[in-house]
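*Asks:* Numbered continuously in the numbering used here, the sequence shown closes out at residue 189.
The hints are simulated quantities; they were obtained by calculation from the structure and are not laboratory data. A hint or two may mislead.
[What the hints assert, rightly or not] In silico DSS-like pairs for lysine-lysine, Cα to Cα no more than 27 Å straight-line:
#1 Lys182 - Lys100
#2 Lys132 - Lys(-12)
#3 Lys182 - Lys132
None of the values given here were measured: they were computed from a predicted structure.
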Amino acid sequence: MKLYVTTTSPYARLAMIVMHDKGLSDQVDLVWTRTRQPEDPLLSVNPSGRVPFLMLADGTGMEETDLIVDYFDALVMPRNYSVPEGDEHWPFRRFEATARSMLDGTSVWAREIKRPPEKQSSEVLDHERRRAIRLADYFEGAIYDKVFQIGLTKPQILLFCALDLERRIPHFSWRTEHPNLRGWFQRMEDLPAVIKSLPPENT
-13 MKLYVTTTSP YARLAMIVMH DKGLSDQVDL VWTRTRQPED PLLSVNPSGR VPFLMLADGT
47 GMEETDLIVD YFDALVMPRN YSVPEGDEHW PFRRFEATAR SMLDGTSVWA REIKRPPEKQ
107 SSEVLDHERR RAIRLADYFE GAIYDKVFQI GLTKPQILLF CALDLERRIP HFSWRTEHPN
167 LRGWFQRMED LPAVIKSLPP ENT
């Protein structure tokens, strides 16, 4: 299998965390690419040019983080990243959706600040900054829910990747005012799968 990724995509980082956590790194070749480039080799296998993108041995391609995570999860039992049944189902889904909103928003923020200063939208920057802080406030109170205290789950990795974008967003200062979240994040970043998923520029 080949997993096409970039050094900056938090969604690619998410897929790599799951790959390492499931012990699949010896079965997956990482292909580091640069998206939005006309000569990007990814375009020859994935018309959308988005990452992460997984190419199976038989030539089948899979795009979209959730699909790739679910596929990796199904390859090695037990399935740790599926949605639980029973009483835990809806709390899990709720936290997953909110963590995804935070990751989507911080990703927009990170992309916007990469644009030339004269092309940046102050409205977008302010909107995403406010959204990120509101969600950090929310998760500061929710982080001790059991969804975030058990082994690696999709809500946990979504939230971790959202907070980790502080490395690329100078004004995303969430740690000082959120000690509970800071402690949880520090425990997460020490996990072997998380350490192994660091892209080359950060190793």
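*Asks:* Report the numbers of all earlier hints that the structure fails to satisfy, in ascending order.
*Replies:* 2
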